[in-house]
Each structure stands twice: as structure tokens, then as C-alpha cells.
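Okay, here's what each chain looks like letter by letter:
There are 2 protein chains.
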Amino acid sequence: MKKFINNIDSLLEESLQGFAKAHADIVNYNADPHIISRVKPTPSGKVALISGGGSGHEPLHCGFVGTGMLDAACPGQIFTSPTPDQMLTAAQTVESGGGVLFIVKNYAGDVMNFEIAAEMLDCPNATVLVNDDVSLAKDHSTGRRGVAGTLIVEKIVGAAAERGYDLMACQALGERVNQNTASMGVALTSCTVPALGKPTFTLAENEMEMGVGIHGERGRSTLPLTHASEIVEHIADIIQDELKPALGQTALLHINGFGGTPLLELHLIYQLAAQYWEQRGVKLCRSLVGNYTTSLDMAGCSITLSLLDAEMLELWDAPVHTAALRWGC
Amino acid sequence: MKKFINNIDSLLEESLQGFAKAHADIVNYNADPHIISRVKPTPSGKVALISGGGSGHEPLHCGFVGTGMLDAACPGQIFTSPTPDQMLTAAQTVESGGGVLFIVKNYAGDVMNFEIAAEMLDCPNATVLVNDDVSLAKDHSTGRRGVAGTLIVEKIVGAAAERGYDLMACQALGERVNQNTASMGVALTSCTVPALGKPTFTLAENEMEMGVGIHGERGRSTLPLTHASEIVEHIADIIQDELKPALGQTALLHINGFGGTPLLELHLIYQLAAQYWEQRGVKLCRSLVGNYTTSLDMAGCSITLSLLDAEMLELWDAPVHTAALRWGC
Chain P
0 MKKFINNIDS
10 LLEESLQGFA
20 KAHADIVNYN
30 ADPHIISRVK
40 PTPSGKVALI
50 SGGGSGHEPL
60 HCGFVGTGML
70 DAACPGQIFT
80 SPTPDQMLTA
90 AQTVESGGGV
100 LFIVKNYAGD
110 VMNFEIAAEM
120 LDCPNATVLV
130 NDDVSLAKDH
140 STGRRGVAGT
150 LIVEKIVGAA
160 AERGYDLMAC
170 QALGERVNQN
180 TASMGVALTS
190 CTVPALGKPT
200 FTLAENEMEM
210 GVGIHGERGR
220 STLPLTHASE
230 IVEHIADIIQ
240 DELKPALGQT
250 ALLHINGFGG
260 TPLLELHLIY
270 QLAAQYWEQR
280 GVKLCRSLVG
290 NYTTSLDMAG
300 CSITLSLLDA
310 EMLELWDAPV
320 HTAALRWGC
Chain C
0 MKKFINNIDS
10 LLEESLQGFA
20 KAHADIVNYN
30 ADPHIISRVK
40 PTPSGKVALI
50 SGGGSGHEPL
60 HCGFVGTGML
70 DAACPGQIFT
80 SPTPDQMLTA
90 AQTVESGGGV
100 LFIVKNYAGD
110 VMNFEIAAEM
120 LDCPNATVLV
130 NDDVSLAKDH
140 STGRRGVAGT
150 LIVEKIVGAA
160 AERGYDLMAC
170 QALGERVNQN
180 TASMGVALTS
190 CTVPALGKPT
200 FTLAENEMEM
210 GVGIHGERGR
220 STLPLTHASE
230 IVEHIADIIQ
240 DELKPALGQT
250 ALLHINGFGG
260 TPLLELHLIY
270 QLAAQYWEQR
280 GVKLCRSLVG
290 NYTTSLDMAG
300 CSITLSLLDA
310 EMLELWDAPV
320 HTAALRWGC
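As given, the protein sequences belong to chains P and C, one line each in that order.
Under numbering that gives the first Met the number 0, the residue at position 254 of the first sequence is numbered 253, and the numbers go up by one with no gaps.
Under numbering that gives the first Met the number 0, the residue at position 310 of the second sequence is numbered 309, and the numbers go up by one with no gaps.
Any given hint could turn out to be false.
The following label-pair restraints were derived from C-beta to C-beta distances [unchecked claim]: (1) 229/P <-> 205/C: 35 to 41 Å; (2) 31/P <-> 225/C: 46 to 52 Å; (3) 12/C <-> 167/P: 48 to 54 Å; (4) 205/C <-> 308/P: 38 to 44 Å; (5) 96/C <-> 206/P: 28 to 34 Å; (6) 327/P <-> 225/C: 52 to 58 Å; (7) 43/C <-> 42/P: 50 to 56 Å; (8) 200/C <-> 310/P: 48 to 54 Å.
20 Å max Cα-Cα, derived EDC-like pairs, lysine to aspartate or glutamate [as the list claims (entries may be wrong)]: (9) 2/C <-> 229/P; (10) 2/P <-> 204/C; (11) 1/P <-> 206/C; (12) 197/C <-> 216/C; (13) 1/C <-> 232/P; (14) 243/C <-> 174/C.
No wet-lab data here; the hints were simulated from the structure.
Computed from a prediction, not measured in an experiment: that's the story for all the values here.
Note that the Cβ used here is the ideal one computed from N, Cα and C, for glycine as well.
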């Protein structure tokens with residue numbers, strides 16, 4: 000394992016300190032328990048958005064804390080759920096009279112710990128469960144995983160909260176975005192979790208893992224590595240079949256790198272995926288290409304299509320000021 | 000080699016098409032020769048800033064085209080200099096009466112081709128040569144290489160041009176930023192150039208390449224991989240010795256990932272480097288952490304310190320609207 004590390008036990012702590020110092024104009028850092036919260040206080044009466052999950056997916060979620068997106072994030076250890084005391088501390092830090100909306104990716108540990116926090120919390124709260132990964136069947140025993148579509152939920156609901164939507168309206172909007180968002184990933188290599196010190200899985204030089212999760216979980220099948228066009232068509236067919244966009248439907252196309260794949264290749268994937276949907280009459284009105292929901296150093300990417308109505312589009316365009324997404328302010 | 004590719008010969012073309020489509024609100028794409036230029040026309044009389052270099056370093060330079068930074072970029076083939084016809088076409092596209100400033104990283108091919116273009120150009124033009132890589136000695140036979148500090152030159156001079164600085168003032172400012180900027184990198188793995196199909200160099204599991212260039216050129220020495228703190232101190236000592244910042248000096252600290260290193264580790268490196276200079280009385284007033292000047296999929300990073308006076312700081316903070324850097328607008 001070749002990584003920049005002093006000590007596996009202090010890696011997350013030192014990294015969060017660095018993140019908070021590099022972005023001191025946007026975030027505060029609470030060391031015990033680990034919380035990243037916005038510097039600019041949550042306006043009185045605004046719904047406070049809190050997300051979190053295992054670390055190793057940076058910039059998700061801490062990089063999305065700031066005006067117009069999350070009020071706080073709870074980073075767990077690498078690929079490990081945060082604990083309820085983190086959510087409770089986060090809520091105490093940012094709740095400002097509008098209640099708390101938890102945005103939770105569908106993983107058993109995250110769901111359980113956010114549920115415990117929700118039950119203990121003495122203010123109005125609600126949860127949006129994100130499960131945009133269509134590589135698993137809809138009726139899969141643990142449900143579908145929450146992956147790169149999560150940031151779209153966080154961005155759109157973040158803008159709505161900033162505009163004064165109440166808790167129930169934010170929750171309903173988050174569920175609507177989630178239902179209209181589908182993602183699927185493919186890995187060319189495994190990631191290496193520092194505490195494990197070796198790749199999570201192995202792939203031969205001519206193989207790719209289709210439908211991979213953001214922790215390197217196996218998805219649909221190990222397939223022979225093929226041309227980028229075929230890979231994109233394989234994934235896009237599954238997303239298309241899931242969302243069935245109407246002719247003329249406006250949509251956001253998000254190509255997300257898992258960490259180890261160069262932007263050069265991600266833009267190639269974007270080009271191919273954009274052609275796919277343009278040929279099917281989808282109007283790609285917004286785009287996002289880059290490493291946003293990563294899996295440490297895994298090579299690979301995911302494709303996310305999110306169908307946007309006029310309200311969602313306006314909220315996507317609304318000002319956001321975070322470490323990793325920034326426009327309009 | 001495991002990459003998302005259809006065909007090595009069409010990779011750059013397809014990737015540029017995707018980049019331009021994903022950022023159609025910011026850039027135009029000219030296919031022959033390859034040019035990325037700003038959508039919003041260069042204001043009349045403004046100095047037109049043009050940069051370029053081999054591809055494979057994305058988002059450098061195409062990702063920095065837009066209001067407040069570059070007017071155009073000339074992407075060469077991967078790790079290959081762009082050709083004079085690209086610079087000439089770029090100049091014809093964006094020159095608006097204020098002349099052209101070329102910002103060129105110090106590599107023999109780039110320098111030669113930009114010089115040829117400068118000689119052929121029939122409008123006032125000047126060049127800033129960036130050579131911020133202090134891993135090589137000042138009197139090295141080919142001079143020092145231009146690396147991650149280039150974006151700092153492009154950002155600050157871009158803001159100055161937008162404010163109406165004339166050609167000579169922009170050039171002088173660019174040289175001042177370059178002289179006050181020092182960078183040095185370390186690689187944990189090689190990158191793999193698609194046309195080559197195998198790693199450029201090999202490192203043992205317990206080795207790192209200290210002073211590596213952004214094409215994987217060997218720098219100072221192959222050393223045993225050690226703790227992040229020792230790596231940072233090694234690099235920071237060389238930068239400190241070069242720039243000799245005064246007590247209380249304001250500076251920008253830029254941690255640049257080479258592509259294959261997770262943000263989690265880059266923020267750890269930031270934390271250690273920030274501690275180093277804070278202990279030496281440097282006031283780190285601005286920060287930039289992420290993959291900005293990459294080397295395809297190479298794991299590793301560089302540390303850049305840029306001493307900023309009040310003018311440079313104000314210009315760094317000025318609005319910028321590009322694919323990869325965006326604030327204030």
C-alpha cells in the first residue's frame with residue numbers, strides 16, 4: 000500500500016483538520032465527535048440539512064457543507080458509518096428552529112445510526128433515504144445503495160431550504176429528486192482501504208466490475224474490459240430503462256470519477272453518454288463531470304442521469320458556496 | 000493498461016468534445032486545430048491570455064479558460080507540445096486589440112513552439128515563462144520546469160487583464176508571481192500514457208520519487224517511502240530555502256494532486272504543510288487543495304507556496320468563472 004499517511008489511526012483526524020483549515024472561510028470543525036458545519040450560521044427558521052457517511056468518498060459529504068447545500072456533515076471512519084452522537088451534535092450545532100432533515104445513503108449501518116439519532120432528537124426532523132444505484136434490482140434484499148446521485152439531492156434540497164421550504168416540503172422534494180435520479184458505476188481497479196492495506200478485490204488486466212458500489216462492492220457482473228462506447232451503452236441502457244425519460248425531458252448528466260480515473264477519460268465518458276441521451280430526445284440542460292463521490296483510489300466512474308423539472312432546475316442553479324461545488328455566489 | 004478509451008488516436012478529440020459540451024456555457028471548442036476559447040468574447044482592448052501544453056494534466060489548461068483567467072488554451076496531444084498553428088488560431092480567435100500574452104511552462108517543445116507562434120503573430124505579444132519547480136537546481140541545463148504554480152500565474156494575471164492592465168504590466172506581474180512561487184512534487188506510482196500502454200517508470204512498493212515532474216520525469220532522487228510528515232518536511236525545507244519568506248509574509252499554499260491520490264490524503268498533506276509554515280511565521284491567507292495540474296493517473300502530489308503581496312492577493316480573490324476554478328461570479 001502506497002499512501003501519504005503518518006498513522007492509520009490518525010489519518011482521518013489529520014485530514015479533517017487540513018480540510019477545515021484549507022476551507023476555514025466555509026466550514027468549522029468539531030473534533031469530538033467529528034462534525035463539519037457551516038461557518039455562516041444557519042438562518043433562523045431554515046431547515047437544517049445534515050448528511051454523513053463513511054469517509055473515503057471525498058469531497059462527499061464534508062465538501063458540500065456551506066451556504067445553499069448542507070448545514071453539517073458527519074464523517075465516519077473510512078467506509079464506516081458515523082455514529083448517532085455525531086448526528087446529535089451536528090443537529091445541536093446547526094438546528095435553528097426549522098427542524099432537521101437528514102439525507103442518508105441507503106446502507107444498513109448509516110440507516111440504523113441516523114434512525115437512532117432521529118429518535119433521540121428533541122426537535123422536528125425527517126429523513127430522505129437516497130437509493131439511486133440501479134445496478135441492483137429494485138426488490139434487492141437490502142434495497143438499492145445510495146451513490147453519486149446523493150449530491151444532486153443535497154444540492155437541490157439545500158437550495159430549497161435556503162429559500163424557506165419547510166421540513167415536509169424539503170423531504171418531499173428530496174424524495175422526488177431521488178426517484179428521478181438513477182446511477183450506475185463501473186470499476187477498472189479496486190480501491191485500497193488504508194486499514195486493510197491491500198486491494199478490496201482483484202480484477203484481471205482484461206476485466207472490469209460492472210455495477211460496482213462506492214466501497215468496491217461487487218454489483219452485477221465481472222465483464223471483459225471493452226471499448227468506452229460499449230461500457231457507456233451498457234450502463235446507459237439500464238438507466239434509460241429505469242427512468243424512461245419522455246422525449247424533450249430536461250435532465251442533468253453527471254459523470255462521477257471514483258478517484259483514480261483522469262478527467263481526460265471522464266470527459267470522454269461524458270461525450271459518449273451525452274450522445275446516447277441526445278439521440279433519445281433527452282435535453283441535457285446541465286452537466287457535472289469530476290470526482291465528487293469517490294471510492295478512495297479506485298479507477299472507474301459512474302453515470303448518473305437526473306430528470307429535472309423547472310423547479311428542480313431552478314434550485315440546481317441557485318447559489319451554492321461549498322468547498323467542492325460553487326457557483327452564483 | 001486499464002482505461003476508458005475507444006481508440007488511442009481519437010481519445011483527445013472525444014475528450015475535448017465532451018469537455019466543451021459539459022461546459023458549453025463557458026467555452027467554445029475548435030476542432031482543427033484544437034483550441035478551447037472563452038464563450039464570452041474577450042472585451043475590446045483587454046490583453047488576451049493564451050496558454051497551452053501537452054494534454055494529460057487536466058484541468059490545466061482548458062479548465063482555466065473563462066472570465067478572469069485564460070482567453071484560450073491550446074491542448075497538445077498527451078504529454079506533447081501544442082503546435083504553432085494552435086497558438087496562431089487561438090490568437091486570431093481571442094485577440095481584441097490589447098495584444099496577446101502567452102503563458103508557457105518551461106519545456107523545450109512548448110518554449111520553441113510558442114516562440115515560433117510569437118514571431119509569426121502580427122499583433123503585440125509577450126510571454127511569461129513559468130519555471131516554479133524547485134526540484135531542479137536553478138542553473139539546471141534545461142532550466143526549471145513549469146508545474147503547479149502555473150495556475151497561480153494564470154489566475155492572478157487573468158484578473159489583472161480583466162481589470163485593464165496592459166500587455167507589459169501583465170507580463171511583469173506574471174514574472175513577479177512566478178518568481179515568488181515555488182513547487183516540488185513526489186510520486187508514489189508512475190502514470191500510464193495511453194499510447195505507451197505501460198507505466199513510464201517503476202518504483203518498488205517501498206519507494207517514492209522525490210522531485211518528480213508532471214510527466215513522471217525523475218527529479219532529485221528515489222527514496223524509501225516514509226511518513227507523510229517527513230515527506231512534507233523534506234519538500235517544504237527546499238521550498239522554504241528557495242523563497243525565504245519573511246516573518247508575517249502572506250502566502251497561498253497549494254496542494255496539488257497528480258490524479259491518483261485521494262483528497263483524504265491531500266488534506267492530510269495540507270495540514271502538515273500548513274503547520275510547517277505557520278511554525279515559521281508565514282501567514283497562509285489562501286489555500287487550494289485538489290487535482291489541478293495532474294499527470295494522468297499518477298499517485299502523488301506537489302506542494303506549492305506562493306508569496307502574495309496585497310496586489311496579488313486582491314487579484315487572486317477577483318472573480319473567476321472557469322470549468323475548474325470558480326468564485327465571486
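Q) Straight-line Cα separation of residue 197/C and residue 216/C no greater than 20 Å? A) holds, 15 Å
Q. Taking only the CA atoms, is the gap from residue 2/C to residue 229/P under or equal to 20 Å?
A. The hint holds at about 13 Å.
Q: Note whether the CB distance of residue 31/P and residue 225/C lies within 46 to 52 Å or breaks it.
A: violated, 29 Å
Q. When you take the CB atoms of residue 205/C and residue 308/P, is the distance between them in 38 to 44 Å?
A. violated, 55 Å
Q) Is it true that the CA of residue 1/P sits at most 20 Å from the CA of residue 206/C? A) holds, 9 Å
Q) When you take the CB atoms of residue 96/C and residue 206/P, is the distance between them in 28 to 34 Å? A) violated, 56 Å
(Q) For residue 243/C and residue 174/C, compute the direct alpha-carbon distance and say whether it is at most 20 Å. (A) The given pair, whose Cα atoms are some 18 Å apart, holds under the 20 Å limit.
Q) Honestly, do residue 200/C and residue 310/P meet the 48 to 54 Å range at C-beta? A) Given a distance of about 52 Å, which is inside 48 to 54 Å, the answer is holds.
Q) Between residue 43/C and residue 42/P, does the C-beta distance stay in 50 to 56 Å? A) violated, 42 Å
Q) Is the Cα-Cα distance between residue 1/C and residue 232/P 20 Å or less? A) OK: residue 1/C and residue 232/P at ~18 Å, within 20 Å.
Q) Given the hint that residue 2/P pairs with residue 204/C, does the C-alpha gap stay at or below 20 Å? A) holds, 11 Å
Q: Using the beta carbons of residue 327/P and residue 225/C, state whether their distance is inside 52 to 58 Å or not.
A: Cβ of residue 327/P to Cβ of residue 225/C: about 44 Å, so the range 52 to 58 Å is violated.
The structure does not agree with the numbered hints 2, 4, 5, 6 and 7 stated previously, though it agrees with the rest.
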